[in-house]
Structure formats: C-alpha cells, structure tokens
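Trainee: Each chain, written out:
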Amino acid sequence: QVRLQESGPGLMKPSETLSLTCVVSGDFVTTGYSWGWIRQPPGKGLEWIGNIYHGGSTFYNPSLQSRVTISIDTSNKRFSLNLNSLTAADTAIYYCARGVGSGRYFDFWGRGSLVTVSS
Amino acid sequence: EIVLTQSPGTLSLSPGERATLSCRASHYVTGSYMTWYQQRPGEAPRLLIYGASIRATGIPDRFSGSGSGTDFTLTISRLEPEDFAVYFCQQYGDSPRTFGQGTKVEIK
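The listed protein sequences derive, respectively, from chains A and B.
At position 8 of the first sequence the residue is numbered 8 (the working numbering), and the sequence of numbers has no breaks.
At position 7 of the second sequence the residue is numbered 7 (the working numbering), and the sequence of numbers has no breaks.
Mixed in with the good hints there might be a few duds.
Here are a few chain B residues that sit away from chain A, every Cβ distance over 12 Å (derived from the structure) [claimed, not checked]:
| # | residue |
| --- | --- |
| 1 | Pro15 |
| 2 | Arg18 |
| 3 | Ser22 |
| 4 | Glu43 |
| 5 | Pro60 |
| 6 | Asp61 |
| 7 | Gly67 |
| 8 | Thr70 |
| 9 | Arg97 |
| 10 | Glu106 |
Pair ranges (Cβ atoms, derived) [said to hold, decoys possible]:
| # | chain 1 | residue 1 | chain 2 | residue 2 | range |
| --- | --- | --- | --- | --- | --- |
| 11 | A | Pro62 | B | Ser14 | 39 to 45 Å |
| 12 | B | Gly16 | A | Ala88 | 40 to 46 Å |
| 13 | A | Ala89 | B | Ser12 | 30 to 36 Å |
| 14 | B | Asp61 | A | Ser15 | 47 to 53 Å |
Derived pair list, reagent style DSS-like, types lysine-lysine, alpha-carbon separation capped at 30 Å [as the list claims (entries may be wrong)]:
| # | chain 1 | residue 1 | chain 2 | residue 2 |
| --- | --- | --- | --- | --- |
| 15 | A | Lys77 | A | Lys13 |
| 16 | A | Lys44 | B | Lys104 |
| 17 | A | Lys13 | A | Lys44 |
| 18 | A | Lys77 | B | Lys104 |
Hints are computed from structural coordinates only; laboratory data are not their basis.
Just so you know, these numbers come straight off a predicted model, no measurement behind them.
Cβ coordinates follow ideal geometry from the N, Cα and C atoms, glycine included.
One chain only, chain B, in its complex shape:
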C-alpha cells in the first residue's frame, strides 16, 4: 500500500501568513489522485481539494493544491482564524485508499 508522510507535523504561523504543507508518497500516485481535508476540533473532516489541485465546492481560493507523482503540496495563501486546524492528505490512485498522519496548523 502507499504510505503518505506529511510534514511538518505542526506548523506555527500567524493569521495572514502563508502556509505550505507537504505530503510525500512512498510510491507514485497514479493520475495525481490526491485529496486534502481539513479537520477542526470536534468537527467532521471537510473536503478541500481533490485531483491534487481541484477545489471542492465552496472552498475559498486561498486554498490551493499542487504536485504529482510522489510529492504534493497544500498551500493556504493567507491564513484566516478559521484555518487553524489539522490537515490530512489521502491518495486514491491505488487501493487501499490511504491517509497521511496529518499536519496541525496552529496559531503562533
């Protein structure tokens, strides 16, 4: 199975700053089939990005995804207070679907 490693584990930033989150796959991810989710404490995960770079319905354009092959990135251009949360990547290029362990974006 494809193992996804997210880095850093925790990102300490201030509102208004840019956040860059990495997701590295142990094997090539077919078709750039990578997804990103946001999870706030006590809430259900929320789909942000699929197909590596396609924003889900209703997702602000400050969220962007990029990458292919084994290296993928989620960028939040300017952090809003509601963006401080945990972010997970998930690949669907191979079965079983697998998730990264998450990156926590916290207020500095």
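Chain A with its partners taken away, still in its complex shape:
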C-alpha cells in the first residue's frame, strides 16, 4: 500500500512562487512508476501538471512547463512542486499521486492541498 500526503501554504499572493511537498509512505523505489502532481480548480475538472521519475527525469504539461519545476528527494521519500508567477487562475486543490509509467495514469493519490491565490 502506498500513501501520499501533501503539505504547503494555503494562501499565496499573485506573482509569488508556490512550493508544495508530497511525502510518501510505503514503496518508493519500485521501477515502472513515477510521481506526479495534478490540480483541480474550484468547480472544474482535473489538470495534469507533471511527473518525475525516481532518477529525476521529468515530464510536464506544456501549458505549465515554463512555470513548473518538480524535484525529488529519494532519501526522504518525498517530491516537490514549485510553480512560479502565480495568478488567481492557479487557485486549486493540488494532488500528488503515483503514476504508472510516465504518469500514464495514477493508482494512488493524496487527499489534496487547497491553495488560494489572492491579494
């Protein structure tokens, strides 16, 4: 069983950089999986942000690629999301999840962390 837990600030200001961390309990090293971030704006559908492999290779959604960095800390079984130049449109629940392959789909998810961007 794999469990994921997101943590981060609940409130951000426009133009700031968001940093979220996901801590993983359980298997973190099995090959064939990656670690990803997905978000859900209020009342809207889900949007894939990107994935990172255990070795550090990353895959990003082209719509966010210029503002996103995902990193991994294998020693502490955690991975992180940085999203810069925030606007109100970045207000969302941010989920971390385990991706099968390069984030083809996601078999374990965290409960999500609400991030509000407001001045």
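Put chain B on the given structure of chain A with help from the hints.
Mentor: Just chain B now, with coordinates in the frame of chain A:
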C-alpha cells in the same frame, strides 16, 4: 490536446439501479488508453478502471468499463450507497494526459 467531455453532468439514481456514464474524446484515443476514477467528498480520487476495461486491484465487479476510439463508458451494474460520488475519466493515449470534467452520481 485531447478534450474529454463527460455526460451527463449529474445522474440521479436510487440504490440498486444501474448507472451508465459516458466519456467522449475530441480525438481518437490510442490503444484504448482510458482510465476512470471515483472521488467521494473529502477523499482522494480512487483508480477504478484502466485500459478502458481493466478493473484496478480491489475494485468490485459491479464496475465495468468499455469503449474504444472516441467513446467510452463506465457502468455500475447495481449502485451501492458508497458508489454515490463523482467519476472522472482520463486519457493517456496522448500527451498531455487530460481529464474529463466529471459526472456526479447522486441519490435520487
């Protein structure tokens, strides 16, 4: 990118009834690479189906997926109280991975 449109937006049914949820893709989905998730309020999304029709580990057989190309369906044969939730489809035949906007199955 592939846009996924789910219908209906809300499905009002009674326990024991059959639920049929649709997911239509704007372009052909390679390899029937379609996934379905369930999300109950306040909980993490739960993987139900991948590869359009393969149930994930531990998923009851009242859940079934079908379809190919641009039209996919999730069927819940007999609704249990715990099945009233929001359901999302997601394609992984093309990058970026994209999700539908969700169908809410509510108690009638």
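Trainee: State for each hint whether it applies.
Mentor: Structure-based check of all given hints:
| no. | hint | verdict |
| --- | --- | --- |
| 1 | Pro15 | 26 Å, holds |
| 2 | Arg18 | 25 Å, holds |
| 3 | Ser22 | 15 Å, holds |
| 4 | Glu43 | 7 Å, violated |
| 5 | Pro60 | 17 Å, holds |
| 6 | Asp61 | 19 Å, holds |
| 7 | Gly67 | 15 Å, holds |
| 8 | Thr70 | 18 Å, holds |
| 9 | Arg97 | 4 Å, violated |
| 10 | Glu106 | 16 Å, holds |
| 11 | Pro62(A) with Ser14(B): 39 to 45 Å | 43 Å, holds |
| 12 | Gly16(B) with Ala88(A): 40 to 46 Å | 44 Å, holds |
| 13 | Ala89(A) with Ser12(B): 30 to 36 Å | 32 Å, holds |
| 14 | Asp61(B) with Ser15(A): 47 to 53 Å | 51 Å, holds |
| 15 | Lys77(A) with Lys13(A) | 29 Å, holds |
| 16 | Lys44(A) with Lys104(B) | 12 Å, holds |
| 17 | Lys13(A) with Lys44(A) | 21 Å, holds |
| 18 | Lys77(A) with Lys104(B) | 34 Å, violated |
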